[in-house]
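Visitor: Residues per chain, in single letters:
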Amino acid sequence: MNTTRLSLSGITCAGCVSRVETALNNVEGVVSASVNLAERTASVEGDVRPDELISAVVGAGYEAAVLRGLDDESEKEAAEMAHYRRLLRKALIGAVVGVPLFVFGMAGLLPELDNTAGRIFWLITGLATLGVLVYSGGHFFTGAFKSARNHNANMDTLIALGTGTAWLFSMVIVAWPEWVPVSAQHAYFEAAAIIIALINFGAALEMRARGKTSEAIKRLIGLQPKTARVIRDGTEMDIAIEDVGLDETIRVRPGERIAVDGVIIEGHSTVDESMLTGEPVPVQKQQGDEVVAGTINKLGSFLFQARRIGKDTVLSQIIEMVRAAQSSKPAIGRLADKVASVFVPTVMIVAVVTFLAWFNFGPAEQGVTLAVVTAMTVLIIACPCALGLATPISIMVGVGKAAEFGILIRNGDALQQTGRLDTIILDKTGTVTEGAPSVTEIIPAGDWSEEQILQWSASAEQGSEHPLAEAIVIAANDRQISLLETERFAAVAGRGVEATVDGKEVLLGNQQLMRERNIDISSIVDAATALTHKAQTPMFVAVAGNAAGIISVADAIKEDSKEAIRRLYDLGLRVVLLTGDNEATAKAVARQVGIDQVFADVLPKDKAEMVASLQQQGQLVGMVGDGINDAPALARADVGFAIGTGTDVAIESADVTLMGGSLHGVSDTIRISRMTVRNIKQNLFGAFIYNTLGIPVAAGVLFPFIGILLNPMIAGGAMAMSSLTVVSNANRLRFLKARS
Amino acid sequence: MNIVLVNLAGIAVIVIIVWWFWMSQPTAQRARTDVIDILVEGGTYTPPRIEVEAGKQVTLRFLRKDASPCAEKVVFDKLGINADLAMGESTDIVVTPPEPGEYIFTCQMQMYRGSLVARREAGTPS
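From first to last, the protein sequence lines stand for chains A and B.
End of the first sequence = 1670 in my numbering, gap-free, step of one.
End of the second sequence = 1590 in my numbering, gap-free, step of one.
Chain B with its partners taken away, still in its complex shape (with noise of 0.2 Å):
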């Protein structure tokens, strides 16, 4: 009975994993002012999914507190930026999104993700 049970509860965890790491998505932030604010500390980026309207220049402010060197770098690789992170510091990078989609950023190792969500505007044809 244990023997099953064990068993039972390994898969329950491996489908678990499946489910929250790669089908699951955090719930994206919408973006309400033209700069956001992005922490980068403990590993990850808070918020870890922005929505923002495709076409439109944001700007990310990006607040490292997080002293790894894992975190000196963010990567938006489709969008061609590469930014250094300087600690206790926020840098701005300004992006547009050119078309709708994900737009991953990373750390260098791609250990720290987050992505920006470029939506089409309420109401424009697609």
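Looking at chain A on its own, in the form it has when it is part of the complex (with noise of 0.2 Å):
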């Protein structure tokens, strides 16, 4: 069921709502309808075409519009780039102010406070700062205010009270320069200014960076096509891609983006899926064939029937599932939380204590000053931004990444989890194999040619509907070799079949029914043994009482299995085959594939309990599987990885759905997980140190001892870069390659 937004013009009372309330919910379809007079809004439950809901709100009398999503990233960006600017503006201001005042200042050409004109530029260069901190700082101290006023206390108090302290002692001193010794007669606006000027230039760099940081996201959210071409009664049209409605016929041209999801139900072309499978080949698709919204379409033309619209959608869905795992946390990054939730007020805690200390045992001569600038860079330095965001915008970049592979991690858990993974399971078919049976080889006898003796088996088993013979049949249709006319089609039990192909005597079976039938198989009976111990079903043909050769047929391997648990024990891991197959069939697989471990005959339901076992021994496991059977066993792993096509994702089902088809996903994600596990911990750690060493450092532990003490600009300078270290040691995440 859908939802649509409407925003509604003409409302005006309690009437005009339950009129148009009365409206939408008469059109079909609709399951509830309600109107918010406050919002001027209608929300709309039901499968039903939004152009049908405007109709009926206009025939009401009211007119209404489609409300778009949040998802039109053009506005947001805008909307981004403007308070960008504004950040800026902000900090030039500042820098216009403070800078001339602190380069004067160090050469020593301003003017002392004990002249009047010296007094009086003081007191106007005091207004000119305070212009700054109301213009370029205000948001700091409203910031401030209005959290304090909730029992709350967050960045902005900290800055509001390191640079309001500066103004206001500085101001002090120029109006009542006798309350201090001369020698400690030094305003600090040029450091209120500077400050604010940048934090404001940091806050615009760190927004720069964190645009970034979700370009995944918005590479997905590109991929929705913002039209669609449709068939409406004969006519076709381009329509908003919020307006195409359920069952309607969409006509996709060369080269164009896939509006919705559905089925073609007329035409074929080859359509590339890779960026939602991160596979690079396209696929085949023909009438009957599922396309889901986001892909393009190669060279063919086609039309099909759209299935599932706007959020329903394979593509909004993964949207939706790469958001919710982009702002979810794993453990790892709870203790940051707790002490980022405690942060500001202790740090504003320390900052009194460092001023009473200085007050009290610091020099007599400069003790007021050293106090009141000590507490204002300890204020200023303290940074609990890049505590906070540690986790997270690594976390954002990770999980972008991997849906940039085509892998969806479900959230942060699970993304920390994989990568300390020290077993992974694999299911057999459809997971290390292709799960259906395909021709892998053909040997001919005599003179006989593959092509040909394909033809005469595929004719022969046309009718049938064995997964073996479809096997067959799918492989001649694969070499384009054209069928013979079948007159008789006899299947014999547990042996084979035999068929008339265009007059001829056909037998397609096993050695006894040859046997049985005088065949004479010799040339070819070692061969076929050999194909028994890899795993494969051969099946001798005979044409006319003629041996012509073997057709095997096996679940083939997938091309890149072998190479992807290659990858895995080069990971470190342990890999485990996991099948309800005989033990042949499965150490045949396993021996192909170089896994050493295999647990064969295994029921699906006994599957979750092999993982427990292993589970019990101290390992944390991993199972492969496709998602369905598997489902127990997925679940009950510490991580379960679900292989999908891109089309029939069992997106519900895993911790970690791998789009594409490929075992390499598995790998992928394990890179991913320990290279965004390792940034969150540089990023925490850095964070750490920075504040447990800038803190005490800001409060001057170090004067004691070597006579330093921080000037409270480069606390200020070091305090807005600390976060964009943090977001941009995330972003390197991004140049993260697969398969290396």
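Honestly, the hints are just simulated from the structure, not real lab data.
Treat the hints with caution; some may be incorrect.
Claimed, not checked - For lysine-lysine, the following BS3-like pairs were computed, each having C-alpha atoms within a straight-line distance of at most 27 Å:
1) B/LYS1537 - A/LYS1148
2) B/LYS1529 - A/LYS1076
3) A/LYS1142 - B/LYS1529
4) B/LYS1537 - A/LYS1142
5) A/LYS1076 - B/LYS1542
6) B/LYS1542 - A/LYS1611
7) B/LYS1542 - A/LYS1268
8) B/LYS1537 - A/LYS1268
Unchecked claim - Stretch by stretch, here's where chain A covers chain B in the computed footprint (C-beta under 8 Å, at least three residues):
9) 1486-1500
10) 1506-1512
To be verified - Just a sample of chain A residues kept apart from chain B, beta carbon distances all over 10 Å, derived:
11) PHE1051
12) ASP1531
13) PRO1562
No experiment lies behind these values; they were computed from the predicted model shown.
Don't be surprised by glycine CBs; every beta carbon is placed ideally from N, CA and C.
Put the complex together from the two separate chains, hints included.
Guide: Structure follows, in structure tokens:
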């Protein structure tokens, strides 16, 4: 069921509300409709086309338009850009006042406070600085005030207290210089202005850097086309994607992006699904095949019927899932959260203690000034943001990066766990292998060619529905072999089939069938035995009483399984093959892909127990399966990987969904996980070290020993850069490459 | 004398910080409807503390007027909710606090803080 939001105009009273609601509720397919008078919006639930809703509202005498979702990235970007510019402007104003004061002050060119001219100069400077505090720093002060009113303290509190103290103290010195000794008569207006400038500048840079962290989700949203070409009452028209209804027919032309999910009803083409599955090879699509929103049609043209629209499309669900995962936090970040939540008041207390310590024990002639400056520096240098940002920002980039590789990670915990796995259990069928039998080898006898063997056997099997027969017919189709006419077809129980094709007797089956019909297979029987050892099912083919060759069918191993499994071993994991098949087949497959441990003859219901038994041995177990019959085992495992193919993803079932069919996704996920967790640790370490070292140094603990005191402006710079550093470090994850 | 006064003032400030930020809570606003408007502005959620009934579904309608990137997400850690707040728009978050207790909601960095206080309905046995 979909929710459509409409913006309404013309409604002014409760009466209007009920009229619009009645009109909407009368539209067929609407389950519920409610109007919000304050917002002038309507929210309608049900599978119904937006244009029908609009005409219902218009029919009731009002006007309506579809409210676009929050995904309008361009609007969001424009707003962000405006905010960015505003921050830069604020930084500039602060710098214009602060930098000359700083430079001339350092050069000793500013007047003293012991004469009237000097005091007037400083008074004007004080007022200019106040202007900076109000214009460039006003938001810190209002933020600080509002949160304080709510019994809360945040970054704004620290900045406002720090710069506010600097200004107030300097004004006191200007107004009553006699209150402090001459040697301590120093105004800190430039510090206040420059700190405000630096923090605004840092925030602007951080915003820029943060925008990059969400690139992955923006790219996903960007996959969604804005319009679709629908056919209504025989006419083709381009309409907004929000107005596409269920079951509508949509035309897709060459090179176009598919608008919603659906099923092809006419035409065929190849479709590039790489943006969803990470698989580079375009997929053949014909009538009856599913297509999904966001993928690109290559050369052909086709019509399809919309089956999933709006929030229900695979793309929308992926976006939703990536979003949710990006904002979830793994256990590793919880400590930082705890610290962050009590951080600001703690820093305020440290600042007061610092003040008192300097006031009581500092050098007598500079006591008050040093006390104020150190307390102010403590307030300014402390940066809870870096601490709070350390985890989520890396998760955001890591999860986004994974999505680019066609890997959907459910949440931060799954991301963190994946890197720590030490055992990977691979389900055989559909995970290591293709999951459906296919012709793997054709061995001709005598003068026969592979094509001839395939042609005769496929012709004989074309009426059969047995999976092995199907594999043979598909192989013939793939090689574009035309089939011959079949007159008679009969299954020989436990042996194979016999058919009359093009007037000739064709036999297809096992050794027993050939023996019973006195066919000489002596030249090929060894080859058949060898195939059996490779976990294949060889079938002898005889035409008109003579052996033609062998067609061997097997659930083929995926092309890249062997390489992917080698990568798992390279990552230091224990790999186990799990299957319901018999031991011989399982071992043959394991041998071919290089797995040394096999659990065969395992019933689906026992798979979860196998996982549990490994866990009891103290292993952290990852289970890879196709997400349907492996569901209990996937759920039981510390991390469950569902292998899906873009169109029928079992998004709900696993911690990690590999949209492409390749096992490489498992080692890719593990690599991304390990890199992300390392990144988080770097960030947390950096943020903790920064604060635990920065605050004591700012408080002046080094002063008694080596005479060093931190300049508050340097503290401001360090603070502004600390969260930028965290964001930039997380951004490094964007350059992660798969399969290296 | 001055020294004593300054020290006393300093200690008083510390006591005030501890009391105001840690010991006391903002007054809770009791939810009168199923939809509660929360304004995100100037680094705060207003109202910061909302009283609701445990086990009952409420819609929290966050209106974001704060352009700072800090305001772009709201996280209910205990309830497993993470939501994006679009600038200048209102975002509905439907929550059902399962049992009585305090459910803190914060920005990603824990700097913006608010709380949902779930109480047992009057008259129901505890």
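Visitor: Could you work out which earlier hints the structure fails to respect and list their numbers in ascending sequence?
Guide: none
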